[in-house]
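Given the structure of chain A, go ahead and fit chain B onto it with the hints provided.
Letter by letter, the chains look like this.
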Amino acid sequence: MELGRLEYLQALVTEFQVTDSTEAKEQVLANLANFAYDPSNYEYLRQLQVLDLFLDMLTEDNESLVEFAMGGLCNLCLDKTNKEYILEANGVEPIINCLSSSNEETVVSAVTTLMFLTTPRSRAQTTALPVVECMLRFSLSANRRLSNLASIFLQDYCTPPQVEEARNFSKHTAVGIPLPKD
Amino acid sequence: AADSSGGPGAPCRHHAQLGACESRAKYREGWRPRAVKVYTINLESRYLLIQGVPALGVMKELVEQFALYGAIEEYHALDEYPAEQFTEVYLIKFKKLQCARVAKKKMDERSFFGSLLHVCYAPEFETVQETREKLQDRRKYIAKATNHRDCFVLKKVEGPKKTASKNSDQDCPWSTSGSHVASNRDQSCFTSSAGVSHNIAYPSGNQNESLLTYPYYDNNCAEISGYFGQNTSLTPSVHPGGHTPPASLMQQRMVPAYNGIDRFMPRTTHLQERKRKREEGNKFSLIGMSEDNTEVVIGPQLPEIPKVDMDDESLNTSATLIRNKLKEVADSVSTSVEKPESSSAKPLVKQRRRI
Chain A
1 MELGRLEYLQ ALVTEFQVTD STEAKEQVLA NLANFAYDPS NYEYLRQLQV
51 LDLFLDMLTE DNESLVEFAM GGLCNLCLDK TNKEYILEAN GVEPIINCLS
101 SSNEETVVSA VTTLMFLTTP RSRAQTTALP VVECMLRFSL SANRRLSNLA
151 SIFLQDYCTP PQVEEARNFS KHTAVGIPLP KD
Chain B
183 AADSSGGPGA PCRHHAQLGA CESRAKYREG WRPRAVKVYT INLESRYLLI
233 QGVPALGVMK ELVEQFALYG AIEEYHALDE YPAEQFTEVY LIKFKKLQCA
283 RVAKKKMDER SFFGSLLHVC YAPEFETVQE TREKLQDRRK YIAKATNHRD
333 CFVLKKVEGP KKTASKNSDQ DCPWSTSGSH VASNRDQSCF TSSAGVSHNI
383 AYPSGNQNES LLTYPYYDNN CAEISGYFGQ NTSLTPSVHP GGHTPPASLM
433 QQRMVPAYNG IDRFMPRTTH LQERKRKREE GNKFSLIGMS EDNTEVVIGP
483 QLPEIPKVDM DDESLNTSAT LIRNKLKEVA DSVSTSVEKP ESSSAKPLVK
533 QRRRI
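Chains as they are written, first to last, in our numbering: chain A, 1 to 182; chain B, 183 to 537.
With the rest of the complex left out, here is chain A (with noise of 0.2 Å):
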């Protein structure tokens, strides 16, 4: 039921807004993140401004919020007008920032979310060298799904040349983005 519908997320919207609790920013925002899922809910989560909220979420101290954030992006970026929209505020940026973060799913959120925003236009932000380099350690990691993820990048975002490139850099350098402890 569209109008009910659209009633509610912005009932959810709102209660973000004004609630002090955490917990309910929590539990609202992941609420928000699994209707991102959707593709029938991106007219209304783009009038409600949720892109933005999720954006701004990125950058809160709070690791919870960081990863039903990242999650939900990375639910709705495949949509061209979600894409642009995240592009356009820049958001490749705090997105790569994610890559750091210590918590798994928000990693893995981040990695898929990079490909999914790879454009022609994009690609040189979003497979910048400090990100395939970050890539090439991902994809030796222990955890499956990271490792899966990274070499996919690797392998269908990347040139060879570009890969290459990574590998000498890694060689020289002791500066990295960790591995996410679990």
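If you are wondering where the hints come from, they were derived from the structure by calculation, not from laboratory data. It is possible that some hints are incorrect.
[Said to hold, decoys possible] With a straight-line cut-off of 25 Å between C-alpha atoms, the simulated SDA-like cross-links for lysine to any residue are:
{"hint": "1", "chain 1": "B", "residue 1": "Lys322", "chain 2": "A", "residue 2": "Thr81"}
{"hint": "2", "chain 1": "A", "residue 1": "Lys25", "chain 2": "B", "residue 2": "Lys278"}
{"hint": "3", "chain 1": "B", "residue 1": "Lys287", "chain 2": "A", "residue 2": "Gly4"}
{"hint": "4", "chain 1": "B", "residue 1": "Lys322", "chain 2": "A", "residue 2": "Asn62"}
{"hint": "5", "chain 1": "B", "residue 1": "Lys219", "chain 2": "A", "residue 2": "Ala11"}
{"hint": "6", "chain 1": "B", "residue 1": "Lys316", "chain 2": "A", "residue 2": "Asp56"}
{"hint": "7", "chain 1": "B", "residue 1": "Lys275", "chain 2": "A", "residue 2": "Tyr37"}
{"hint": "8", "chain 1": "A", "residue 1": "Lys25", "chain 2": "B", "residue 2": "Cys203"}
{"hint": "9", "chain 1": "A", "residue 1": "Lys181", "chain 2": "B", "residue 2": "Ala217"}
{"hint": "10", "chain 1": "A", "residue 1": "Lys181", "chain 2": "B", "residue 2": "Gly201"}
{"hint": "11", "chain 1": "B", "residue 1": "Lys322", "chain 2": "A", "residue 2": "Ala11"}
{"hint": "12", "chain 1": "B", "residue 1": "Lys219", "chain 2": "A", "residue 2": "Asp56"}
{"hint": "13", "chain 1": "B", "residue 1": "Lys275", "chain 2": "A", "residue 2": "Asn34"}
{"hint": "14", "chain 1": "A", "residue 1": "Lys25", "chain 2": "B", "residue 2": "Tyr263"}
{"hint": "15", "chain 1": "B", "residue 1": "Lys316", "chain 2": "A", "residue 2": "Pro39"}
{"hint": "16", "chain 1": "B", "residue 1": "Lys288", "chain 2": "A", "residue 2": "Ala11"}
{"hint": "17", "chain 1": "B", "residue 1": "Lys219", "chain 2": "A", "residue 2": "Asp156"}
{"hint": "18", "chain 1": "B", "residue 1": "Lys326", "chain 2": "A", "residue 2": "Pro160"}
{"hint": "19", "chain 1": "B", "residue 1": "Lys219", "chain 2": "A", "residue 2": "Asn97"}
{"hint": "20", "chain 1": "B", "residue 1": "Lys316", "chain 2": "A", "residue 2": "Leu9"}
{"hint": "21", "chain 1": "A", "residue 1": "Lys181", "chain 2": "B", "residue 2": "Tyr263"}
{"hint": "22", "chain 1": "B", "residue 1": "Lys322", "chain 2": "A", "residue 2": "Val13"}
{"hint": "23", "chain 1": "A", "residue 1": "Lys171", "chain 2": "A", "residue 2": "Pro160"}
{"hint": "24", "chain 1": "B", "residue 1": "Lys326", "chain 2": "A", "residue 2": "Leu6"}
{"hint": "25", "chain 1": "A", "residue 1": "Lys181", "chain 2": "A", "residue 2": "Pro160"}
{"hint": "26", "chain 1": "B", "residue 1": "Lys219", "chain 2": "A", "residue 2": "Lys171"}
{"hint": "27", "chain 1": "B", "residue 1": "Lys219", "chain 2": "A", "residue 2": "Pro160"}
{"hint": "28", "chain 1": "B", "residue 1": "Lys278", "chain 2": "A", "residue 2": "Arg137"}
These figures come from a predicted structure and were not determined experimentally.
Frame of chain A; chain B shown alone:
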């Protein structure tokens, strides 16, 4: 930390059954108590882990239960997975993700031979190729689910060939396939393609233009092909003959190409698009419009009818000529539509009501 990030068969954090959330506000309490968790494509999987199966030798019955939800490709016990006393853990691999999804929903927390099952996804069992296919399926699903919007735009732009939609040039990471129609998104966009060249078909019909696969070149070609796709029908006067070989225009139009895509949408499309949005917007009047009183834009942003400088005298002149012609056409179209219905001869756009 090493244990929980171990290979398949080791307990993972995402297998853990979280406690149900007790503190939800009434309006968002579901039918069943649920934990606070976000499901993404990374968490979902054709592989399901089933814990709490009573150790009574009931594997056959278990598989039969799950098979009700779809074809099962593989199943076996996971002997090394930690299990509560008197229970076993099983892995079931469905042929389709959708079936696994339903099976999980139905069977999680279900009683089975006196014991409560806990069912969760087990994506760590996927091979790289299986993960890849999972992501590709998700892409296809979204493309199909949101396709109606792109088709709307494409249908309005009449052209000799419907190729090179914005769809494909935006979503193909670097091995572009401009020859794909919006609805026909097959695998070749996304296969790892070192050294493979794709033919990019321009609307002008140069099918044999096989371009190099270096990303830089592909970037420009993708955008140019989109550019062509949009304006072929409207600007035969701008591009002599309407079938200019791509190469010469590519050199001229590298930078402004992307901006150029939106400029030549026919005026009638704007009117119809806005009318449709207005009608839809009336349904949601309870939320009002966005703060600055502009219409809420759904879908790709269509520009105002621009008076845009295209950095070129002759192009500007041509554009102005076309713009005026379009206005003429649009006015005559809306007038002829309006006449039988109202006495006013004003074009539709002036009667638009802003909420």
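Hints and how they fare:
The hinted pair formed by Lys322 of chain B and Thr81 of chain A meets the criterion: a straight-line CA distance of about 16 Å does not exceed 25 Å. About 34 Å separates the Cα atoms of Lys25 of chain A and Lys278 of chain B, which puts this hinted pair outside 25 Å; it is violated. Between the alpha carbons of Lys287 of chain B and Gly4 of chain A the distance comes to roughly 24 Å, so the proposed pair stays at or under 25 Å and holds. Between the alpha carbons of Lys322 of chain B and Asn62 of chain A the distance comes to roughly 34 Å, so the proposed pair goes past 25 Å and is violated.
Distance hint between Lys219 of chain B and Ala11 of chain A is fulfilled; the C-alpha atoms sit about 19 Å from each other, no more than 25 Å. Proposed proximity of Lys316 of chain B and Asp56 of chain A is contradicted: the alpha carbons are some 28 Å apart, above 25 Å. The suggested pairing of Lys275 of chain B with Tyr37 of chain A holds, with an alpha-carbon distance near 23 Å, which does not exceed 25 Å. A threshold of 25 Å between alpha carbons decides the hint, and for Lys25 of chain A with Cys203 of chain B the separation of about 13 Å falls inside it, so the pair holds.
Taking the CA atoms of Lys181 of chain A and Ala217 of chain B, the gap is about 22 Å. The hint holds against a cut of 25 Å. The suggested pairing of Lys181 of chain A with Gly201 of chain B holds, with an alpha-carbon distance near 22 Å, which does not exceed 25 Å. A distance of roughly 31 Å separates the Cα atoms of Lys322 of chain B and Ala11 of chain A; the hinted pair therefore is violated under the 25 Å criterion. Distance hint between Lys219 of chain B and Asp56 of chain A is fulfilled; the C-alpha atoms sit about 19 Å from each other, no more than 25 Å.
With a C-alpha separation of about 24 Å, the suggested pairing of Lys275 of chain B with Asn34 of chain A holds against the 25 Å cut-off. Between Lys25 of chain A and Tyr263 of chain B the alpha-carbon distance is near 35 Å, which puts this suggested pair outside the 25 Å criterion. At roughly 17 Å between alpha-carbon atoms, Lys316 of chain B and Pro39 of chain A fall within 25 Å of each other, so this suggested pair holds. Using a Cα cut-off of 25 Å, the hinted pair Lys288 of chain B and Ala11 of chain A is violated, with the two alpha carbons roughly 29 Å apart.
Restraint check: the Cα-Cα separation between Lys219 of chain B and Asp156 of chain A comes to about 29 Å, which exceeds 25 Å; the hinted pair is violated. A distance of roughly 31 Å separates the Cα atoms of Lys326 of chain B and Pro160 of chain A; the hinted pair therefore is violated under the 25 Å criterion. At most 25 Å may separate the alpha-carbon atoms for a hinted pair to count; Lys219 of chain B and Asn97 of chain A meet this at roughly 22 Å. Straight-line distance between C-alpha atoms of Lys316 of chain B and Leu9 of chain A comes to about 28 Å, which puts the hinted pair past the 25 Å bound.
Among the hinted pairs, Lys181 of chain A with Tyr263 of chain B is consistent with the structure: their alpha-carbon atoms are about 21 Å apart, no more than 25 Å. Note on Lys322 of chain B and Val13 of chain A: the hinted pairing is violated, with a Cα-Cα distance of about 29 Å set against a maximum of 25 Å. Pair hint Lys171 of chain A plus Pro160 of chain A holds up; C-alpha atoms about 17 Å apart against a cutoff of 25 Å. At roughly 23 Å between alpha-carbon atoms, Lys326 of chain B and Leu6 of chain A fall within 25 Å of each other, so this suggested pair holds.
As the CA atoms of Lys181 of chain A and Pro160 of chain A are separated by approximately 29 Å, the hinted pair breaks the 25 Å bound. A hinted pair counts as satisfied when its Cα atoms are at most 25 Å apart, and Lys219 of chain B with Lys171 of chain A does not qualify at roughly 38 Å. At roughly 37 Å between alpha-carbon atoms, Lys219 of chain B and Pro160 of chain A are farther apart than 25 Å, so this suggested pair is violated. Distance hint between Lys278 of chain B and Arg137 of chain A is unfulfilled; the C-alpha atoms sit about 31 Å from each other, more than 25 Å.
In the structure shown, a violation is registered for the earlier hints numbered 2, 4, 6, 11, 14, 16, 17, 18, 20, 22, 25, 26, 27 and 28, in ascending order.
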